[in-house]
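Participant: Work out the full structure: start from the sequences and follow the hints.
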Amino acid sequence: MAGALLEVQGIVKRFGGFTALNGVTLHVKAGERFGLIGPNGSGKTTLINCISGALAGYAGRIVFDGGDITTLPAHRRTRLGIVRSFQIPKPFTSMTLQENLDIPLEYAARERSRDAAADAAAILDSIGLGAKAHLKPAGLTQIEMRKLELARALAARPKLLISDEAMAGLSSAEVDDILAILFRLNEQGITIIMIEHIMRAVMRFCERIAVLDAGQLIAEGTPEEIVRNHAVEKAYLGE
Amino acid sequence: MARTVPALIVGLLVVAAGIGLVTLRVNPYLYFAGYVILQYVVIATAWNILGGYAGYVNFGTPAFFAMGAYTSVFLIQSTRAPLPVLILAGGLVSALLGLGIGYLTLRLRGVFFSIATLALSIVLQTMIMNWEYVGGSRGLSVIRPSGPPFGNYVMFLFTVMVTLAVIAVVTARFIERSWVGRGLAALRDNEEAAECMGVPTLRLKLFATTISGFLLGVAGAPFPYYVTFVEPNSAFNLDYAVNALAMPMIGGTTSWVGPVIGAVLLGSAQQLATVTISSEMNLFIVGIVLVAFVVLAPEGLLGLVRRLRGR
Numbered sequence: 001m002a003g004a005l006l007e008v009q010g011i012v013k014r015f016g017g018f019t020a021l022n023g024v025t026l027h028v029k030a031g032e033r034f035g036l037i038g039p040n041g042s043g044k045t046t047l048i049n050c051i052s053g054a055l056a057g058y059a060g061r062i063v064f065d066g067g068d069i070t071t072l073p074a075h076r077r078t079r080l081g082i083v084r085s086f087q088i089p090k091p092f093t094s095m096t097l098q099e100n101l102d103i104p105l106e107y108a109a110r111e112r113s114r115d116a117a118a119d120a121a122a123i124l125d126s127i128g129l130g131a132k133a134h135l136k137p138a139g140l141t142q143i144e145m146r147k148l149e150l151a152r153a154l155a156a157r158p159k160l161l162i163s164d165e166a167m168a169g170l171s172s173a174e175v176d177d178i179l180a181i182l183f184r185l186n187e188q189g190i191t192i193i194m195i196e197h198i199m200r201a202v203m204r205f206c207e208r209i210a211v212l213d214a215g216q217l218i219a220e221g222t223p224e225e226i227v228r229n230h231a232v233e234k235a236y237l238g239e
Numbered sequence: 001m002a003r004t005v006p007a008l009i010v011g012l013l014v015v016a017a018g019i020g021l022v023t024l025r026v027n028p029y030l031y032f033a034g035y036v037i038l039q040y041v042v043i044a045t046a047w048n049i050l051g052g053y054a055g056y057v058n059f060g061t062p063a064f065f066a067m068g069a070y071t072s073v074f075l076i077q078s079t080r081a082p083l084p085v086l087i088l089a090g091g092l093v094s095a096l097l098g099l100g101i102g103y104l105t106l107r108l109r110g111v112f113f114s115i116a117t118l119a120l121s122i123v124l125q126t127m128i129m130n131w132e133y134v135g136g137s138r139g140l141s142v143i144r145p146s147g148p149p150f151g152n153y154v155m156f157l158f159t160v161m162v163t164l165a166v167i168a169v170v171t172a173r174f175i176e177r178s179w180v181g182r183g184l185a186a187l188r189d190n191e192e193a194a195e196c197m198g199v200p201t202l203r204l205k206l207f208a209t210t211i212s213g214f215l216l217g218v219a220g221a222p223f224p225y226y227v228t229f230v231e232p233n234s235a236f237n238l239d240y241a242v243n244a245l246a247m248p249m250i251g252g253t254t255s256w257v258g259p260v261i262g263a264v265l266l267g268s269a270q271q272l273a274t275v276t277i278s279s280e281m282n283l284f285i286v287g288i289v290l291v292a293f294v295v296l297a298p299e300g301l302l303g304l305v306r307r308l309r310g311r
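Chains as they are written, first to last, in the working numbering: chain A, 1 to 239; chain B, 1 to 311.
Just so you know, these hints were derived from the structure itself, not from any lab. Here the structure is a predicted model, which means the values were calculated and not measured. Note that beta-carbon positions come from the ideal geometry of N, C-alpha and C, so glycine has one too. Be aware that one or more of the hints could be misleading.
Below, computed lysine to any residue pairings styled on SDA-like, alpha-carbon distance capped at 25 angstroms [what the hints assert, rightly or not]: (1) A:Lys132 with A:Ala121; (2) A:Lys132 with A:Ala173; (3) A:Lys136 with B:Gly310; (4) A:Lys132 with B:Trp179; (5) A:Lys136 with B:Leu8; (6) A:Lys136 with B:Val294; (7) A:Lys159 with B:Glu192.
Examples of chain A residues toward chain B, derived with CB under 10 angstroms [to be verified]: (8) Thr78; (9) Lys90; (10) Pro91; (11) Phe92; (12) Glu149; (13) Ala153.
Facilitator: Laid out in structure tokens, this is it:
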């Protein structure tokens with residue numbers, strides 16, 4: 001598909017006898033703000049794990065930036081520009097925030113240590129954690145932890161940022177805070193896939209939304225189309 | 001890189017001091033005991049590359065140590081190869097074993113990895129016990145080569161172990177401060193996050209298990225000439241597993257200094273206890289000290305110092 005940054009073709013992922021994803025096909029255009037929603041257990045995180053490479057052993061094909069990445073390990077995909085944040089923040093606990101960012105800067109963006117120090121500081125500043133650069137993650141609040149997840153993902157210099165429930169459990173003002181950051185990143189040219197349960201955020205942020213239910217894609221379209229879609233309503237609320 | 005040169009110089013000075021110590025010809029027992037302490041410096045440092053830096057706790061230290069020792073026994077039996085060859089060969093065989101357990105980390109993490117390494121040690125011990133050529137379960141006497149380059153043979157082995165200890169410590173220090181060390185620290189903190197941040201976790205783990213295995217094998221290779229009688233129960237002794245873990249824990253696992261401090265302190269205490277109280281007191285001391293540290297200073301002496309300074 002022309003202009004697609006990411007193409008997911010017929011992904012099937014089984015865990016034993018359970019089919020978590022059953023032939024999911026979708027594409028994300030370069031520069032797009034793409035939303036992925038669905039009820040709990042519908043396969044959103046499994047799909048993200050397949051795209052980021054955290055899970056192997058699925059059928060189907062994934063193409064990123066014109067190259068087939070189906071068989072690449074996760075760290076290689078990160079280097080190509082697919083970077084994710086985790087639903088439950090997973091900081092490097094023995095390191096300061098600055099050092100947390102040094103890892104992706106060194107390993108994913110392949111920057112030399114001297115530039116990396118300045119870049120890590122710049123990223124932390126831009127996301128509002130500059131003052132805490134030399135603290136360890138243990139002392140951070142929930143929202144700061146989420147911001148660290150984003151900052152660390154940014155340090156990997158993503159082309160495609162996958163934000164896995166970065167706003168779950170945050171207050172309304174904090175959600176706006178994270179949304180503002182994501183909007184700004186998108187303006188800088190980063191394509192974003194947002195997985196979120198907070199519909200207010202998804203509807204405001206996304207240009208196009210895909211809906212998963214029981215491992216299958218049941219709808220795809222603009223936020224307006226999704227809101228009016230009968231199948232989506234059924235998946236969330238039942239008949 | 002600039003800080004590596006001074007480290008090498010310090011290392012060479014330590015080796016020189018070791019050789020100088022031999023020329024003093026003090027009580028020969030000191031060399032005998034010193035050898036064991038230095039051997040533990042190598043073992044603790046090697047263990048820490050995997051256990052401390054990467055966070056994979058290896059209970060199979062005896063397997064790697066004994067593979068080094070039994071590679072030597074095999075080569076002495078078959079070709080009477082010179083000591084440097086024995087050390088290199090012992091290291092390589094254990095490095096290969098390390099590479100093998102590296103692939104285990106694909107499926108086994110945490111305590112399950114530890115159990116697997118312990119099982120590995122038992123399996124290998126059983127195999128050696130049934131291999132007559134290297135002495136089987138009865139063991140084998142090894143005759144030292146005549147005429148060491150200087151002093152008596154124990155003094156010579158002492159300087160060899162000084163050199164090996166320096167090599168091990170310099171290697172560990174280099175790894176710790178390189179990009180490899182930073183990547184290992186990331187995967188120790190969170191392997192999934194590290195991989196997603198571009199760290200090639202499998203490759204780094206294989207590197208750590210291989211280097212760690214190599215150095216453990218190196219520590220074991222001169223063992224047959226040191227004890228002159230090798231049998232499976234002493235080569236596969238559980239003491240090695242316990243000490244390899246206890247020494248870095250006591251010193252501090254996140255820095256190369258930790259295992260060195262731990263090995264010198266605990267190793268010396270054990271040697272002292274062996275002479276003054278009884279040889280059975282060794283593990284008792286380790287047990288008490290380890291429990292005390294886990295409770296009172298979980299980050300070892302280094303962590304304790306850092307904490308006291310921070311206040």
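Participant: Against this structure, judge whether each hint is valid.
Facilitator: Against the structure, the hints:
With a C-alpha separation of about 10 angstroms, the suggested pair A:Lys132 and A:Ala121 falls inside the 25 angstroms cut-off, and the hint holds. With a C-alpha separation of about 21 angstroms, the suggested pairing of A:Lys132 with A:Ala173 holds against the 25 angstroms cut-off. For the hint pairing A:Lys136 with B:Gly310, the CA-to-CA distance comes to about 14 angstroms; that is within 25 angstroms, so the pair holds. As the CA atoms of A:Lys132 and B:Trp179 are separated by approximately 24 angstroms, the hinted pair is consistent with the 25 angstroms bound.
With a C-alpha separation of about 32 angstroms, the suggested pair A:Lys136 and B:Leu8 falls outside the 25 angstroms cut-off, and the hint is violated. Taking the CA atoms of A:Lys136 and B:Val294, the gap is near 22 angstroms; set against the 25 angstroms cutoff, the hint holds. Straight-line distance between C-alpha atoms of A:Lys159 and B:Glu192 comes to about 20 angstroms, which keeps the hinted pair within the 25 angstroms bound. Taking 10 angstroms as the C-beta contact cut-off toward chain B, the hint placing A:Thr78 at the interface holds, the least distance being around 4 angstroms.
Restraint check, A:Lys90 versus chain B: the minimum CB separation of about 4 angstroms is within 10 angstroms; hint holds. Contact between A:Pro91 and chain B, as hinted, is supported at the beta carbon level, the nearest pair being about 7 angstroms apart and thus within 10 angstroms. Annotation: interface hint on A:Phe92 holds; nearest CB of chain B at approximately 4 angstroms, less than 10 angstroms. With a cut of 10 angstroms, the hint placing A:Glu149 at the interface with chain B holds, because the nearest CB-to-CB distance is about 9 angstroms.
Below 10 angstroms, beta-carbon pairs count as interface contacts, and A:Ala153 has one with chain B at about 8 angstroms; its hint therefore holds.
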